[in-house]
Amino acid sequence: MQRSRRDFLKLAGVSALGLSAGTLGFLGEGAQAADALPSAADFAKPAKAKQWGMVIDTAKFDDALFKKCIDACHDNHNVPKIEGKQEIKWIWTEDFEGSFPTERPAFLAEAQEHRKYLLLCNHCANPACTRVCPTKATFKNDEGLVIMDYHRCIGCRYCMAGCPYGARSFNFRDPGEFIAKDKLNLQYPHRTRGVVEKCTFCVEKLAQGKLPLCVEASGGAMVFGDLEDPKSEVRKVLKEKYAIRRKPDAGTDPSVFYIL
Amino acid sequence: MYNGKYIIPGLIIFLALVLFPFIKGAGLGPLKVETEKPKNSKECVLKTEKMRDVHMVLLNEWRDDVIRNGKRVYTNESGKQFNMSLTNTCMGCHENKDKFCDKCHVEVGVNPYCWNCHNTSPLKKEGEK
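Heads up: the sequence lines are chains A and B, in that order. Numbering-wise, our numbering puts 90 at position 59 of the first sequence, and it's gapless, one number per residue. Numbering-wise, our numbering puts 100 at position 102 of the second sequence, and it's gapless, one number per residue.
Just chain A, same shape as in the assembly (with noise of 0.2 angstroms):
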């Protein structure tokens, strides 16, 4: 059979109509995308735990997995990229030197010298920020996160001067003019001017009973869990290797473990 030019181009028309229609709205997009949204039926089976905590197995990370990582994170919670000092960091990367300076090692081998380290904020069983917050903005909640509530923070900042990870970021200017636009996850809200934010060990999705987005993309170089249930997949590796945390005298009594 032959087929004209005029006639290939109609059908290639049509077909381009047909595939682009479900996301164009005019086929019923309204139910099938309302079924997207995450509904009472997510949250029927949370993940529930005493203390939430992480292993980071550090040598199992490349600049890739950082950055896969990293943007998991920051894209799925709408966090700003600014660059210089006023930078917005849910996750982040460090050398040794800034992420563990307690630890002073004289001679340190060259493969953990070398190496860089993801860091987050450490959802501590004893945090310093929660204690200075003159508004209780910031607070530990019953599963043992640090848990921000943005609609009370006043931007005062203490808890950015308690915190001795400098997991938590303030706001100068409004965050919604540094989210790319077709980036921005609509199904999460960004902050405001004057708010400070940070980690959240993905409390969201916990509810819903799945794993934080970090750990997920991580593909097993973390691992994440209950710290209080001797059974628990991160007490599991903590039992076989030996893991250090950041700045253990500051009394913080972080939950975040590392690897060497």
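Hint data in this document are derived by calculation from the structure and do not stem from the laboratory. Treat the hints with care, since some could be wrong.
What the hints assert, rightly or not - Stretch-level coverage of chain B by chain A, calculated; a stretch enters the list once three of its residues show a Cβ under 8 angstroms from a Cβ in chain A:
hint, region
1, 63 to 72
2, 76 to 87
3, 108 to 117
Every value quoted in this text rests on a predicted model; they were computed, and no experiment measured them. By construction, the Cβ of each residue, glycine as well, lies at the ideal position given by its N, Cα and C atoms.
Mind docking chain B on chain A? Use the hints.
Just chain B, lined up with the frame of chain A:
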């Protein structure tokens, strides 16, 4: 009355000014605002009248329950369950903020800052139709 010729007209002018809004509004029915109703669902979390009165209280309670108490599922009077989320539940149905939320808020002159952080729709970007 001492200085009555100033005081009485003064009082009348004062009362006229104070009562002007009431006189002007007398006889008019209750304030009616036409909002765009959701197309995909008929039933809201609470009854319409109740929602009109207390949606802001409900949102505050939801916020405290979700953030402070870790409770994320709301069960209404008829036993239907909802995910307690402004963006994903409320705005998921009421997909056009300009034609729903803003209609009343503008009419009565309130300016809630919910949308400084919360997206106006879980499905569409701001301004997208």
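Results for each hint:
no., hint, in the structure
1, 63 to 72, "holds (count 6)"
2, 76 to 87, "holds (count 7)"
3, 108 to 117, "holds (count 5)"
Checked against the numbered hints listed earlier, the structure breaks none of them; every hint is satisfied.
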